[in-house]
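Build the full structure now, drawing on both the sequences and the hints.
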Amino acid sequence: MTATSAPSRGGPLGTLKKIFFPVAPTYLLMIIPAILLFTFFIIYPAIQGMFYSFTNFVGYGTFHSIGFANYKAALSDPTLRDSYGFTVLFAVVACIVTNVVALALAIALNSKIKWRSGLRTVFFMPMVLSGLIVSYIFTFIISTSVPIISAAIHFAPLESNILANQHLAWLGVAFVASWVAIPGAIIIFLAGLTGIPTEVYEAASIDGANAWTKFRRVTFPLLFSFLIINTILSFKNFLNVYDIVVGLTGGGPGTATTSVAQTIFSGFFNGDYAYQMANAVIFFLITLLFAVFQLSVIRRRGGGL
Amino acid sequence: MATEVSTAPVVAAPAVRARRPRRVSEGGRVNWGLTIVVAIVSLIVILPLYFAVAMALKSPAQTGTGTGFNFPWPIQWGNFRAAWDLTDTPLAASMSLLITVIAVVGEILVSALAAWAIVRNWGHWQFRATFGYLMIALFIPFPVVALPQVKLMAAIGLANPFGVAILHIMFNLAFNVLLFSAFIRGIPVELEESARLDGCTTMQTFRRIVLPLLAPISATVGIFAFLQSWNDFQMPRLITANPKFQTLPVVQFLFQDQFTTNINVAFASYLMALLPTLVAFLIAQRWVVSGIMRGSIK
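From first to last, the protein sequence lines are chains A and B.
Residue numbering for the first sequence follows my numbering, beginning at 1 and increasing consecutively.
Residue numbering for the second sequence follows my numbering, beginning at 1 and increasing consecutively.
FYI, nobody ran anything at the bench for these hints, they're computed from the structure.
Careful: at least some of the hints might be erroneous.
Stated by the list, open to error - Quick list of simulated restraints, FRET-style, between CB atoms: (1) A/N56 to B/I44: 44 to 54 Å; (2) B/V41 to A/Y60: 46 to 56 Å; (3) A/L168 to B/L211: 47 to 57 Å.
Unchecked claim - From the derived model, a few chain B residues whose C-beta atoms are all more than 12 Å from chain A: (4) W73; (5) P74; (6) F80; (7) L91; (8) L97; (9) L98; (10) R208; (11) P243.
To be verified - Here are some of the chain A residues that sit facing chain B, going by a computed Cβ distance under 7 Å: (12) V128; (13) A191; (14) D243; (15) M277.
Backbone N, C-alpha and C define an ideal beta-carbon position, used for all residues, glycine too.
As structure tokens, this is what we get:
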């Protein structure tokens with residue numbers, strides 16, 4: 001953190017000036033507009049929303065404070081509980097699938113295979129595609145093509161459209177979300193793999209290590225910090241899932257795959273504005289809790305990322 | 001995808017590029033077994049994309065009762081024409097482009113300036129506090145503030161693509177400042193000091209000396225901004241009031257009902273929305289990949 005501070009120009013006004021104009025005005029011009037815009041567009045709505053969550057505001061007209069009533073109602077609302085259940089289950093499963101598959105593919109794409117750069121390109125492609133449109137494509141594949149193919153090969157589990165099945169639709173969402181997220185995770189793992197010196201593997205070979213031992217004793221420990229980065233990034237994105245649910249199931253069948261983000265946005269339509277703001281605050285606290293938990297895991301490992 | 005701001009990117013990277021890896025890892029022999037496995041697995045990516053292309057080139061009759069994977073023959077180019085007219089693709093594409101251009105330029109300039117001012121004045125608590133203040137946004141995902149934000153944008157007349165672009169810049173400010181400041185700390189101050197001795201003002205120093213040095217990290221920020229803004233669905237959908245000014249992904253959403261009557265036109269429309277990022281990626285793959293590596297590990 002070594003940075004030079006601009007020469008402070010004390011002058012007769014002394015401390016007052018030092019506090020408010022400690023540096024050349026140009027620097028202040030670079031930063032004050034950013035602070036003001038940021039406060040106005042992000043922080044102000046956030047505080048405003050928190051304020052409304054303690055009222056009975058419906059989005060227009062008059063309102064008055066109702067204390068914690070919205071929070072009490074939210075905590076005993078079965079619809080909300082289901083959406084949190086779906087979102088967290090989905091996020092955990094998609095996060096595991098994404099990281100396991102991406103790690104395996106990254107190792108494969110880093111080894112001596114034919115057409116390596118071409119295959120990398122193929123695996124990277126989903127990363128740049130719109131999640132919503134990818135979901136529309138998969139909706140048609142899963143609901144129409146997969147059942148026909150499954151019937152032809154007598155593969156019972158996929159003969160009916162799983163997106164229309166209340167208990168299985170979330171698997172479809174997890175599959176497509178992972179399909180979109182895996183390339184980014186592969187890239188991060190590849191960055192980690194290229195940093196492992198070949199000598200380490202040569203030494204392991206001399207000691208008689210086989211491929212599995214090399215993975216367990218060399219690759220995995222050295223990639224662990226990248227695994228943590230990937231877990232944090234992907235889990236946070238999965239918790240906020242929206243596009244893919246909208247494109248794939250619309251939250252259905254029924255409300256089986258309604259994500260938390262969707263329930264919050266429903267506050268625009270049902271006069272639930274203040275109620276859904278309470279939901280948003282709860283969601284924020286849960287997100288924060290996960291972030292703090294993940295950061296503490298990192299710190300416990302000595303911050304040795 | 002929408003605003004993906006990382007929660008915890010404050011992790012110091014290990015020396016990733018410390019040493020150049022040798023191209024050939026163990027021995028010089030191609031692992032054919034693994035090649036075949038990887039090639040087969042790659043079908044999970046290729047087949048859905050082939051499916052989309054095949055569907056876009058068929059007539060409803062050719063789609064028929066098949067699996068949808070059969071080869072489109074004879075090719076029906078007309079679907080693209082129909083989709084182009086039905087969804088007013090040029091207008092939607094120009095809205096997407098407008099938001100993306102403002103977001104890319106805005107994110108690079110606003111966060112580069114802020115990060116430079118912060119890093120070069122790190123000795124003053126005001127600038128350290130500013131840095132901490134901006135970082136709050138890392139923990140605020142869009143859904144949490146969406147409801148009041150939509151009302152705010154409508155109240156100040158920004159319920160339009162400009163408002164969406166401003167929000168893209170603001171939501172990514174924290175992450176971008178983080179990326180830029182990590183990069184700027186590695187630039188020697190001496191370069192800037194000599195520029196000042198030559199009579200450059202602070203702004204000239206930034207423009208002539210600092211900004212060119214920031215090119216690699218600006219590319220990273222720009223690539224993230226481009227992909228996010230072009231593909232974003234939830235912000236334009238919620239912020240932009242007039243459906244005429246909607247972006248490509250939202251237009252796909254708005255036309256779902258009309259698409260069900262002709263699924264092939266729908267796929268032609270999907271493809272037209274997907275192609276720009278895909279083509280850009282295939283052309284600039286090297287930079288995109290290294291940019292994302294730099295961005296995620298910093």
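Each hint, compared with the structure:
1. A/N56 to B/I44: 44 to 54 Å: Check passed, 49 Å falls within 44 to 54 Å.
2. B/V41 to A/Y60: 46 to 56 Å: Since B/V41 and A/Y60 have Cβ atoms about 53 Å apart, the given range 46 to 56 Å holds.
3. A/L168 to B/L211: 47 to 57 Å: Holds - the Cβ-Cβ distance for A/L168 and B/L211, about 52 Å, lies within 47 to 57 Å.
4. W73: Holds, since 18 Å exceeds 12 Å.
5. P74: 21 Å, holds
6. F80: About 15 Å separates B/F80 from the closest Cβ of chain A, which puts it past 12 Å; holds.
7. L91: 18 Å, holds
8. L97: 14 Å, holds
9. L98: Consistent with the label, B/L98 stays out of reach of chain A, its closest Cβ about 17 Å off (over 12 Å).
10. R208: Check passes; 14 Å lies beyond 12 Å.
11. P243: 15 Å, holds
12. V128: With a closest approach of 4 Å, the A/V128 hint holds.
13. A191: Cβ of A/A191 sits 4 Å from chain B, so the hint holds.
14. D243: Hint holds; A/D243 Cβ to chain B Cβ min 5 Å, cut 7 Å.
15. M277: 6 Å, holds
In the structure shown, no violation is registered for any of the earlier numbered hints.
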